[in-house]
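Residue numbers (our numbering), protein chains in the order written: chain Z, 1 to 262; chain U, 1001 to 1102.
Since the hints were made in silico from the structure, they are not lab data. Be aware that a few hints might be false.
Unchecked claim - The list that follows gives simulated cross-link-like pairs (lysine to any residue, SDA-like), each with its CA atoms no further than 20 Å apart:
1. U:Lys1018 <-> Z:Ile208
2. U:Lys1005 <-> Z:Glu157
3. Z:Lys233 <-> Z:Glu157
4. U:Lys1018 <-> Z:Asp33
5. U:Lys1075 <-> U:Met1056
6. U:Lys1018 <-> Z:Glu25
Stated by the list, open to error - Taking beta-carbon pairs under 7 Å as the criterion, some of the chain U residues facing chain Z (in silico):
7. Pro1024
8. Ala1066
9. Asn1067
10. Phe1069
11. Arg1073
12. Lys1075
What the hints assert, rightly or not - So these bits of chain Z aren't anywhere near chain U, every CB distance computed over 10 Å:
13. Asp33
14. Leu101
15. Asp107
16. Glu157
17. Asp168
18. Ile182
19. Arg219
20. Trp229
21. Val254
We put the beta carbon where it would ideally sit given N, CA and C, even for glycine.
The residues making up each chain are set out below.
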Amino acid sequence: MIKKWAWLIGILAMPALSDDGIFDEYRDLMGDDNPAIFVIDEGEALWFEPQGPRSASLEGCDLGLGPGVTAGAYARFPRYFEDTDAVMDIESRLLYCMQQLQGRDRDALLAKPYSLRGDMGTELEALVTWLAAESEDAVIAPEQAHPSERAMYALGEEIFFYRAGPHDFSCATCHEQSGMRIRLQALPNLTNHDEAAEAFGSWPAYRISEGLVRTMGWRLQDCFRQQRWPGLKLGSEVSVALQTYMAVNAAGGVMTAPGLKR
Amino acid sequence: MSRIKIRAQQADGITEVKALMRHPMETGMRKDQSGASIPAHFITEVAVFHGERTVMQGYWGAAVSANPFLGVRFKGGEAGDTVKVTWVDNQGGTGEGETTIR
Chain Z
1 MIKKWAWLIG
11 ILAMPALSDD
21 GIFDEYRDLM
31 GDDNPAIFVI
41 DEGEALWFEP
51 QGPRSASLEG
61 CDLGLGPGVT
71 AGAYARFPRY
81 FEDTDAVMDI
91 ESRLLYCMQQ
101 LQGRDRDALL
111 AKPYSLRGDM
121 GTELEALVTW
131 LAAESEDAVI
141 APEQAHPSER
151 AMYALGEEIF
161 FYRAGPHDFS
171 CATCHEQSGM
181 RIRLQALPNL
191 TNHDEAAEAF
201 GSWPAYRISE
211 GLVRTMGWRL
221 QDCFRQQRWP
231 GLKLGSEVSV
241 ALQTYMAVNA
251 AGGVMTAPGL
261 KR
Chain U
1001 MSRIKIRAQQ
1011 ADGITEVKAL
1021 MRHPMETGMR
1031 KDQSGASIPA
1041 HFITEVAVFH
1051 GERTVMQGYW
1061 GAAVSANPFL
1071 GVRFKGGEAG
1081 DTVKVTWVDN
1091 QGGTGEGETT
1101 IR
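Same shape as in the complex, but just chain U (with noise of 0.2 Å):
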């Protein structure tokens, strides 16, 4: 599951991004019921771009919360300009989420 869902909202110069991530975030640290590790399933970098500009880009690991919300506030952009949220996971899975901004 690749799913994000994204608002962002402009104003006085300043664009505020939400974005809700469906992720696991499995730890590796866990074990089942019989007993068995559960592997480690954890995004491993997020970054949220506006138009073509890289304006976040961080490294996460296996201490953020499932279904992770991250926030971000940027200067610049216009009602209408695009916002772009991707992450990269452990496993090699990605995600990627777009919204125009209110």
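Okay, chain Z solo, but in the shape it has when bound (with noise of 0.2 Å):
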């Protein structure tokens, strides 16, 4: 009797990090082989493509540390912008400097932000995997000093915590309790640093069972869908708040992205 709690308390003391069953194994014979790395280098080359009416590229664009500044701007993100007055992603900062840069509709935009399945990318994807390439190994960093980006935090963690919809989920359902999983895919606390670092900072990632890189925004409207929730939408306040929620908690931790996940 003794042995059989002893082995149940040595399977609750697991360390929740990394602790994805036979999916780790996958990820050490794969190594540094990721497909995203197809997709970091679409990515690159639509930064420096002309597009739109305006036939101009995104090397002007501000992504807070400057205009055409790439390296390290991912980790800092969400942000306040003084142009917009508002706190932006990373997603909804692009569709930004596309429309103003490049001259693109907005509407047409986000029309398809993101793939279906069997799809073989789209450019905002493509474009923030290869903007979390370029932050690869920066610290986790999100700005907290504009009394806004205070503001999304407090809204975030209200989301967070929020229940809702047909099964009465909130994100905290399935995020804020360590090692636990749904069948093999391990889920991680979002209300503990380590874990929200890791999880955070492997965004975007290339999903082997999608044949795609996903981005946090489009990890976040799967959430929702999950939860049944209403669609969430690209760059709303929810997305960012969440976003910005996630991000502070895991402020300190190191950018991987992209990962790789089942």
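Using the hints, put the two chains back together into the complex; each one sits in its own frame.
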């Protein structure tokens, strides 16, 4: 009997980090051979490619560190921008740059921001993947100096614990306990700094089951779908708030993206 | 898109080749949102060459994943030798990538 309980305690005490069962072995086998490397190349090419009515590239895009500065920029999102007077995530900032610099139509850009299964990736996904790679090994350090940024964190925290929908789900239902999983999928406890850092720092990630790189914006809207909540809009206040909540909880961690996931 | 990323490393007389290919690998069994079939599009043949020598040849099908990863070990090979990986798909597309053994 004692032995049985010791075993149970052993299970409960198992480190939650990277406790992904057999998938860890798979990741080791793949090593540096993450198919996201193709998407990084595609994103880099798109950044420098003149596009839109103004035939401009995105080189003048200010991601918060000055126009055209890409190294380390991803790790500082979400952040407040004076020109829009709003806290933005990287996806909505890129959309803003595409409109402002390239003169492109917002509705057209938002028509299909994320790939469907079987696609080879969208422009937005490629750009975000490259920019994340430009922040590889950077310390996650979202801005929290501006009052709007702190308000976003507070809003994100509130939404994280807010139960709603037909299943009375909150984000916290799946993400406030350590060492838990759904089937083989380990679920990070996003209220815990280390686990939030590992989770936040590994997106965008190549999803082997989908053959695609997925972004944090996509991850969130898929969480909403799984919760049977209304569709989450890209760059919406709710999306940015939840990303701020995660990023601040992860602050001090290291960006490892693009990751490799199930 | 016909890109292949290849790495080849030699140790103790064995060369290990790792190749990652950019390909959708459509099975032909899936339907799009309007219900129309998505045409099959997958790699049917892969080959690995060490210089002029064929060290591996394989037939692939629709069961192989998108953006497939191929790992092969062969005897011989010196640092600086050329390793080439090629593929042919069912729509007549081809891909080729080359690297030198480290």
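Here's how the hints hold up against the structure:
1. U:Lys1018 <-> Z:Ile208: holds (17 Å)
2. U:Lys1005 <-> Z:Glu157: Violated. Lys1005 of chain U to Glu157 of chain Z sits at ~42 Å, over the 20 Å cutoff.
3. Z:Lys233 <-> Z:Glu157: Since the Cα atoms of Lys233 of chain Z and Glu157 of chain Z sit roughly 18 Å apart, the hinted pair holds (cutoff 20 Å).
4. U:Lys1018 <-> Z:Asp33: Measuring from Cα to Cα gives roughly 8 Å; hence the hint holds.
5. U:Lys1075 <-> U:Met1056: holds (12 Å)
6. U:Lys1018 <-> Z:Glu25: Measuring from Cα to Cα gives roughly 17 Å; hence the hint holds.
7. Pro1024: This interface hint holds because 6 Å falls under the 7 Å limit.
8. Ala1066: Result: holds, 3 Å to nearest chain Z Cβ.
9. Asn1067: holds (4 Å)
10. Phe1069: Holds: closest Cβ of chain Z sits about 6 Å from Phe1069 of chain U, inside 7 Å.
11. Arg1073: violated (14 Å)
12. Lys1075: violated (22 Å)
13. Asp33: Check fails; 5 Å does not lie beyond 10 Å.
14. Leu101: It holds; Leu101 of chain Z is separated from chain U by about 27 Å at its closest Cβ, greater than 10 Å.
15. Asp107: holds (19 Å)
16. Glu157: Check passes; 36 Å lies beyond 10 Å.
17. Asp168: holds (30 Å)
18. Ile182: About 22 Å separates Ile182 of chain Z from the closest Cβ of chain U, which puts it past 10 Å; holds.
19. Arg219: holds (19 Å)
20. Trp229: holds (22 Å)
21. Val254: holds (24 Å)
The earlier numbered hints that this structure contradicts are 2, 11, 12 and 13.
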